[in-house]
Amino acid sequence: MTPGDHRAVEGLLQELGRAGPGLDVSFVARVLAAAGEPPLAPRVAVRPRVVRRAAPRRRSTPWWRVAAAALLVAGLALAATVWYEGHSGSSAPTVPAVPLPSATAPAVAPAATVARVVPVVVPRAPQLIPLSSGSASYGYACWLPPALGQEPGRRWPLLLFLHGLKERGNGEDQLVPALVKYGPGRLLADGTRLFDEVLVVAPQSPAHWERITLVAFLTQLQKRYPIDPARLYLVGISDGGGASWWTALANGNLLAGIVPICGAGSWAPTVPFRAPAPACWAVHGADDPVVPPDWTRSWMTLHAGATVAAMATGEWVCRGKIWQPLVGDPRPSDRHLLSMPTGTGHDSWTAACADLRLWQWLFAQRKNP
Amino acid sequence: MSDRDFETLVRDHHRMVLAYLRSLLPVQAPVEDLAQDCFLVAHRRLGEIDPGRDAGRWLRGVARMKALEWWRTRRAQPLDDHALAQIESRYDGWFAEQADDEHHDALSALQTCLQRLGDLLRKAVESHYLAGRPLAEAAQLLGSTEVALKKRLQRAREELAVCIDRRLGRRSP
Numbered sequence: 001m002t003p004g005d006h007r008a009v010e011g012l013l014q015e016l017g018r019a020g021p022g023l024d025v026s027f028v029a030r031v032l033a034a035a036g037e038p039p040l041a042p043r044v045a046v047r048p049r050v051v052r053r054a055a056p057r058r059r060s061t062p063w064w065r066v067a068a069a070a071l072l073v074a075g076l077a078l079a080a081t082v083w084y085e086g087h088s089g090s091s092a093p094t095v096p097a098v099p100l101p102s103a104t105a106p107a108v109a110p111a112a113t114v115a116r117v118v119p120v121v122v123p124r125a126p127q128l129i130p131l132s133s134g135s136a137s138y139g140y141a142c143w144l145p146p147a148l149g150q151e152p153g154r155r156w157p158l159l160l161f162l163h164g165l166k167e168r169g170n171g172e173d174q175l176v177p178a179l180v181k182y183g184p185g186r187l188l189a190d191g192t193r194l195f196d197e198v199l200v201v202a203p204q205s206p207a208h209w210e211r212i213t214l215v216a217f218l219t220q221l222q223k224r225y226p227i228d229p230a231r232l233y234l235v236g237i238s239d240g241g242g243a244s245w246w247t248a249l250a251n252g253n254l255l256a257g258i259v260p261i262c263g264a265g266s267w268a269p270t271v272p273f274r275a276p277a278p279a280c281w282a283v284h285g286a287d288d289p290v291v292p293p294d295w296t297r298s299w300m301t302l303h304a305g306a307t308v309a310a311m312a313t314g315e316w317v318c319r320g321k322i323w324q325p326l327v328g329d330p331r332p333s334d335r336h337l338l339s340m341p342t343g344t345g346h347d348s349w350t351a352a353c354a355d356l357r358l359w360q361w362l363f364a365q366r367k368n369p
Numbered sequence: 001m002s003d004r005d006f007e008t009l010v011r012d013h014h015r016m017v018l019a020y021l022r023s024l025l026p027v028q029a030p031v032e033d034l035a036q037d038c039f040l041v042a043h044r045r046l047g048e049i050d051p052g053r054d055a056g057r058w059l060r061g062v063a064r065m066k067a068l069e070w071w072r073t074r075r076a077q078p079l080d081d082h083a084l085a086q087i088e089s090r091y092d093g094w095f096a097e098q099a100d101d102e103h104h105d106a107l108s109a110l111q112t113c114l115q116r117l118g119d120l121l122r123k124a125v126e127s128h129y130l131a132g133r134p135l136a137e138a139a140q141l142l143g144s145t146e147v148a149l150k151k152r153l154q155r156a157r158e159e160l161a162v163c164i165d166r167r168l169g170r171r172s173p
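Protein chains in written order, with this note's numbering: chain A, 1 to 369; chain B, 1 to 173.
Simulated from the structure, these hints should not be mistaken for lab results. Fair warning: there could be bad hints in the mix.
[What the hints assert, rightly or not] Stretch-level coverage of chain B by chain A, calculated; a stretch enters the list once three of its residues show a Cβ under 8 Å from a Cβ in chain A:
1. 53 to 62
2. 115 to 124
[Claimed, not checked] Per label pair, the in silico range of CB-to-CB distance:
3. A/Ser333 - B/Asp92: 32 to 38 Å
4. A/Thr342 - B/Gln140: 38 to 44 Å
5. B/Ser89 - A/Gln174: 57 to 63 Å
6. B/Glu146 - A/Ala216: 29 to 35 Å
7. A/Leu165 - B/Thr112: 17 to 23 Å
8. B/Arg57 - A/Gln360: 53 to 59 Å
9. A/Lys166 - B/Arg116: 46 to 52 Å
10. B/Arg116 - A/Ser135: 40 to 46 Å
11. B/Ala29 - A/Lys166: 17 to 23 Å
12. A/Ala216 - B/Asp92: 29 to 35 Å
13. A/Met311 - B/Glu146: 38 to 44 Å
Everything numeric in this text was worked out from a predicted model, so none of it was measured. All C-beta atoms in this analysis are idealised placements derived from N, C-alpha and C, irrespective of residue type, glycine included.
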């Protein structure tokens, strides 16, 4: 082979390494945004244009208008309070409340050992940031902690949830229907208080997730919200699970913990994670007909540095390089956990997301120094 | 050309253009900006292209000009004509229009071929190219030296090129 041939293969490998097996969404978006603009000088980075509205001119308001507005607001607040007390438990208007299917979903482990997420009464509506706002690489739904802004200087953990391939969308009007189907979005629509101390963000991708774009998206979120850099968590299902693995492999130093659920991808690599790797609780249906469970076993072998048995099912924890059945709740110090439930098929996320232990363990994780 | 056609063009070819530019340039930093420039040229001029022509080949022509311009502004010696022709010949075979199906282009073939590499070569490729480790760090991780790792990567690239050719039904040039 000539040097030119080597360069040709090298280009392909570098491209594969940069984006992972997915499609580079941000690139397509940037080029399409740029194409609508006049010709640009060479090598000028093109970014989506952020439309900023001019601040309205301030005018002096007559005193009687101010007084009338104050009376109106007070009246409305009173009416809303009376209405809410009579309707507590109803859902927010923008997010349809969907009951948790935990009662019918197959359990990950014997029911006696699993604490379930119990819905409570106050659903939180997401703040929607569409892709067209130009403020981030993806359109996303964001659930802010209720106490955000009340304690100046406080930083909040971030939970980033990556959907599966079927929930792909335009990041605009398709955001909410896709993101409350399952995962934290669904739990929040049901009114869980589990994420009261966490900033939850669920972006929507129009294609496969792409590692570089995700890392850029994380940086954009960190600039926009008061996020604790030691507590970034990544939870993904199927295609999003695969993206969680790849992000942890190459950019694991950013994350405190990951939960890849039936992580999909073209293959699982064989090289170790770059230290310090984030803590991981992987979930994969042992009889998943869509994504081979062996991929998660391979990834977990790599993560723990100890081989997962080929036909392992049930719940496992790796302590001191030895895999052993998980009995009771996991410890916060456990860094390698694996659930391989049977009877769930590809949908291992419904039971996993309803498992209170998973969230408690995840939010106890801190990034390695 | 409608925006929809243009979007299809970008989706079909952007990864090929990025990989091609990576083959032509010694560093990765300018690749994305140059690729953007290529597609901006395409947006302005694609109406002039004969629909029967291979749009991927046309885009590579633009990308090559952009890469050479980049080399010139740095007053550096670009790849020689023979190497450029070899790279073009490879991409021409790997990304021919009839092979432009999502499941039958060189990038998807590469993913399959990676799984068929021997353990030693696969680890070398994954450490350096896929996990993004510099050569020295990857060599240390694999308990090897930089020189030995370079040789392994060279062998891996050779095997991958042959494998991709075979999967796409092409003969190595």
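Comparing the hints with the structure gives:
1. 53 to 62: Coverage by chain A is violated for the region 53 to 62 of chain B (0 residues, Cβ < 8 Å).
2. 115 to 124: It holds: at least three residues are needed, and the region 115 to 124 of chain B offers 4 whose Cβ sits within less than 8 Å of chain A.
3. A/Ser333 - B/Asp92: 32 to 38 Å: violated (55 Å)
4. A/Thr342 - B/Gln140: 38 to 44 Å: holds (41 Å)
5. B/Ser89 - A/Gln174: 57 to 63 Å: violated (43 Å)
6. B/Glu146 - A/Ala216: 29 to 35 Å: About 30 Å separates the Cβ atoms of B/Glu146 and A/Ala216, which means 29 to 35 Å holds.
7. A/Leu165 - B/Thr112: 17 to 23 Å: holds (20 Å)
8. B/Arg57 - A/Gln360: 53 to 59 Å: For A/Gln360 against B/Arg57, whose Cβ atoms are near 56 Å apart, the range 53 to 59 Å holds.
9. A/Lys166 - B/Arg116: 46 to 52 Å: violated (30 Å)
10. B/Arg116 - A/Ser135: 40 to 46 Å: Taking Cβ atoms as reference, B/Arg116 and A/Ser135 lie about 43 Å apart, which means the hint holds.
11. B/Ala29 - A/Lys166: 17 to 23 Å: violated (36 Å)
12. A/Ala216 - B/Asp92: 29 to 35 Å: holds (32 Å)
13. A/Met311 - B/Glu146: 38 to 44 Å: At 40 Å between Cβs, range holds.
Going through the hint list in order, the structure does not satisfy hints 1, 3, 5, 9 and 11.
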